[in-house]
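With the hints as extra help, turn the sequences into a complete structure.
Sequence lines, in order, name chains A and B. Going by my numbering, the first residue of the first sequence is number 2, and it counts up by one from there. Going by my numbering, the first residue of the second sequence is number 8, and it counts up by one from there.
Keep in mind that the hints were calculated from the coordinates and are not lab data. In this text, all values refer to a predicted model and were calculated from it rather than measured experimentally. Hints may be right or wrong, so weigh each one.
With a cut-off of at most 20 Å between alpha-carbon atoms, the simulated EDC-like pairs for lysine to aspartate or glutamate come out as follows [claimed, not checked]:
#, chain 1, residue 1, chain 2, residue 2
1, B, Lys100, A, Asp197
2, B, Lys89, A, Glu436
3, B, Lys59, A, Glu436
4, B, Lys103, B, Glu151
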Amino acid sequence: MDLISNLSLGFSVAFTPINLLYALVGCVLGTLIGVLPGIGPVATIAMLLPATYALPPVSALIMLAGIYYGAQYGGSTTAILVNLPGESSSVVTCIDGYQMARKGRAGPALAAAGLGSFFAGSVGVMILAAFAPPLTELAFKFGPAEYFALMVLGLIGAVVLASGSLLKAVGMIVLGLLLGLIGTDVNSGVARFSFDVPELTDGIGFIVIAMGVFGYGEIISNLAQPEHEREVFTAKVSGLMPTKEDFKNMVPAVLRGTFLGSALGILPGGGALLAAFAAYALEKKIKMKPGEVPFGQGNIRGVAGPESANNAGAQTSFIPLLTLGIPPNAVMALMVGAMTIHNIQPGPQVMTSNPELFWGLIASMWIGNAMLVILNLPLIGIWIKLLTVPYRYLFPAIVLFCAIGVYSTNNNTWDIWMVGIFGVIGYIFIKLGAEPAPLLLGFILGPMMEENLRRALLLSRGDWSVFVTRPLSAGLLAAGGLLLLIVLLPSIKKKREEAFVEPD
Amino acid sequence: MLRMGNSMHNSAIHYFYYRRQSVNIKSQKDFFAGLMFMGVGGAFAWGATTYKVGEAARMGPGYFPLMLGVMLALIGAVITFKALVVETVGGDKIGKWAWKPLFYIIAANVVFGILLAGLPAIKFPAFGMIVGIYALTFVASMAEGGWKFKATFILATVLAVGSYLAFVMALKLQFPVWPAFITG
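What follows is the structure in structure tokens.
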């Protein structure tokens, strides 16, 4: 069995004491920052990325994966305990999780989220391990036209899942693509849009954009709101274990969530969010047992389902990244950036040329998930303490970590000035209701898209029809068109708007 | 098809009717977001024409950015137009700008950068990370209700010691830590 030998190779890489340690440190740091209110996974990963510079690539990626899971888990914790979703995919967790916490059942809610996520994560990793090799085979059949079409599909997916206006999300993507083009053009050597600034000829760093827009922009907008009373259910977290009844309700919800999440996560465009919403909708549709708590008032299925779904989706969303080299969402876009810093070009060739890294990373995902359960459930008391740290002590620290982080990428103060500029831009985006996540995705994809478009049209001698005459590329573009059409249909458009409004 | 044309016709009439009285922005956020896209897209497109554009088979460095810039400007125009035509609840106002946090957060960042590595252009010496952290904490704390000296000082000390241990000792990142005129 290939799968088994591959996985055992992976585990032999990941199970070294030093890599286990990095996975652990990653999980702890990720949770630590992830629980802090107002810092999502993108900002968390961007902030902690410099901590991995000195590590060998395998260890660095293992640690980053740990940070990602930790940040996600931290987001669910704040959703349940403070009604503050740390990230968009835990928005639905707030609905029933917070109600459970208010009824003194924060413990079982956290356990349901943790155990459900662990199960879903394990299944997701298996799917990833099973599907990666055949998909990689497929990826080698991809020419530039197919890659371009795939990226278009991915970007459309990202737009469809953005919560605000479709058109504005498209605008943000195009803006991101344009920002990605700043710097030296690889083909002609011309420094584009760099105004004779030597630092700009290397392009804008993705960390600068991520930290400026997601870090500073968020801080400024958080500070603009009057500090409302944050109710933290510190005292009431007693008894983590769900009851037998809870387990009976939980298990089927976890299974359904895992299934939905794994399937939706593969779709380009950020599966975790869609998966969580879909799982919650599904749970609501399923007939309730007599005596079960209604949804919206603390039903454990409303926590277990979406949490499993978003974790399964988070896992399977690595598939397009690792096999095709195309990031499906903003977090994965950051991972691409992280890999390039460590001189790894994500794509199908990683698996063949660097199997230790590939399978080691996959094995470490499972380890990371296991660590979260082992680590976080007993340590929940500490995370809750962190929740009570007032924001006025937090935000200077975040500003400091961002500033140190960007400086350490190139040891150049230029990046500090740039992160300041992008902080202002990020705040403007928030004020104008323009979501920044599609921008980051576009930014990473910009140069790749241009390169593939250029090659595709060079091969076809300038004939644009190449994108529709090659069957694979035509299929991908058709899927993108269909996706767009579906969202624009009036009835679905209304449903989509409802889905994004409902959880507030 | 007929109905759609009709409704578009109607909204166009509405648009011009209101226009004559005063420019009636239905969604302030979208209106300005659209203007932003138009401006930035236009600027990129204009900038792209200064490079060799080429043709589809042989794209110059200006081809793709020109295409995207025009696209962004068009998207912006549609958003702006819709913001003038489509009704929204409450006008979708931008709301007050938080000038104070905006200023102090960015200022804290800039002050830290200047103190960390200095400004060779005006011969401003590097003061290093530790001094930078104290300055950053005090400036940033101004963003929310000003600082209580003791609390802010403790916070800055905690951050300075923590950063020294984490970034300099553990991660061995290369920073100027102390002022240049002390370390030489």
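Quiz prompt | Non-conforming hints, listed in increasing numerical order | solution = 1 and 3
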